[in-house]
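**Student:** Protein sequences, first through last, are from chains A and B. Residue numbers for the first sequence follow my numbering, beginning at 1 and rising by one. Residue numbers for the second sequence follow my numbering, beginning at 150 and rising by one.
Hints are supplied without guarantee of correctness; some may be wrong.
[What the hints assert, rightly or not] Below, computed lysine-lysine pairings styled on DSS-like, alpha-carbon distance capped at 27 Å:
1. B:263 x A:148
2. A:14 x A:146
3. A:148 x B:267
Just so you know, the hints here were simulated from the structure itself, not pulled from any lab data. If you're wondering where the values come from, they're calculated on a predicted model, not measured in any experiment.
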Amino acid sequence: MNVEVQMRDVAVAKGNDNLVAQGVGSCVLIAIHDRRHRIGGMAHAVLAGIPSRGSPLSHGKYVDEAIDELLQQMARMGADRRELQAKLVGGANMFAAFESNLGAENVAGARAKLKREDIPVVGECVGGSQGRSVEFSVATGIVTVKTKF
Amino acid sequence: MTTEHVKAVAISESSRRVIVAMINEAAANASRSLQRLTNNQVEVGVTRLEVGDIDRVLPELEAEAMVAGVCLQITGDIRGWALLIFPVELANEMCDRLLKREVGTTSRLSELDKSALKEVGNILCGSFLTGLSNRLKIKIVESPPEFCLDMFGAVVDGVLGQVARHAESALGIQVAFEFKESVVAGQFILFFGVDEMIAVVKTLEEVAEAE
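Take the sequences, apply the hints, and build the full model.
**Tutor:** Take a look at the structure:
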């Protein structure tokens, strides 16, 4: 079964499910995998850092809280913290003249948060100026990235 | 978005009607410009105005659908973003019309075609914002247009990210431009953040009082 992870969503799955996200631009996808237990989770975050004001409905919008939420959900599903490995996808700069490069900030924010959580980043497909679609196989941990041009 | 945010930026029915009328007027101006440019009859479709989550105003397109996007930043007395979206088939057709080629010639956009589409965005957005600026009597400045050809989801998330960075909640306005001889429509989307929305509503109320 494919579980769609839309913008601002966090989702976890087990066994033979795939986590998918379509048309990702400057957002960053954080895919975390516990290979031994075949548990995977993916967060689709819009902005780096943490929110400047309280917002109970914004889980997944910011990188830090998206990763926190993802780790909690994976732990509840039975993932072993010591087994976790992460892959990052996205962070493109779709419109070069914007005053800030959100994509690069999102990727840097995700790397920093994962480092603080002591979760190794074992693969990345980030940056550039192209959108990406992603399929994360929870059974194997393989992340397939598709671009269109 | 918290409930408090929604309450703080709630706009009255009368203000909403004024905004929609103003948008329709500005859209009619813009569509006349587009009609002159493309020599194709253009009709302004349904205007949607949404207050709240920034992604509620987006057109219903597949996330992987290929689109041409032209984006402009808005500064001055209000801050926002304008995004013009054409499904790739319409973008190709528009380029044929703009560059006086037989419709159906273009299958891949050249640099010249992209420049032409940016110019469409410039004119359309300029015409629209001039209408808004005159009506509200405020200064609105638009940036040079930026072009992007990619999946719909990727094109809009870059813009939504910029909006989300400045505002949890936004005023989103969507106007569909339907071309008489085309089967697909273009979309013009404007985003203003919470603070900008308050400024717009306040100005509108002043305008309404003056009338």
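**Student:** Take a quick look at whether residue 14 (chain A) and residue 146 (chain A) sit within 27 Å of each other, Cα to Cα.
**Tutor:** Roughly 23 Å separates the two Cα atoms, so the pair holds.
**Student:** Quickly compare the C-alpha distance for residue 263 (chain B) and residue 148 (chain A) to 27 Å and report which way the hint goes.
**Tutor:** holds, 17 Å
**Student:** Taken at face value, is the distance from the CA of residue 267 (chain B) to the CA of residue 148 (chain A) at most 27 Å?
**Tutor:** The given pair, whose Cα atoms are some 21 Å apart, holds under the 27 Å limit.
Violated hints: none; the structure is consistent with every hint.
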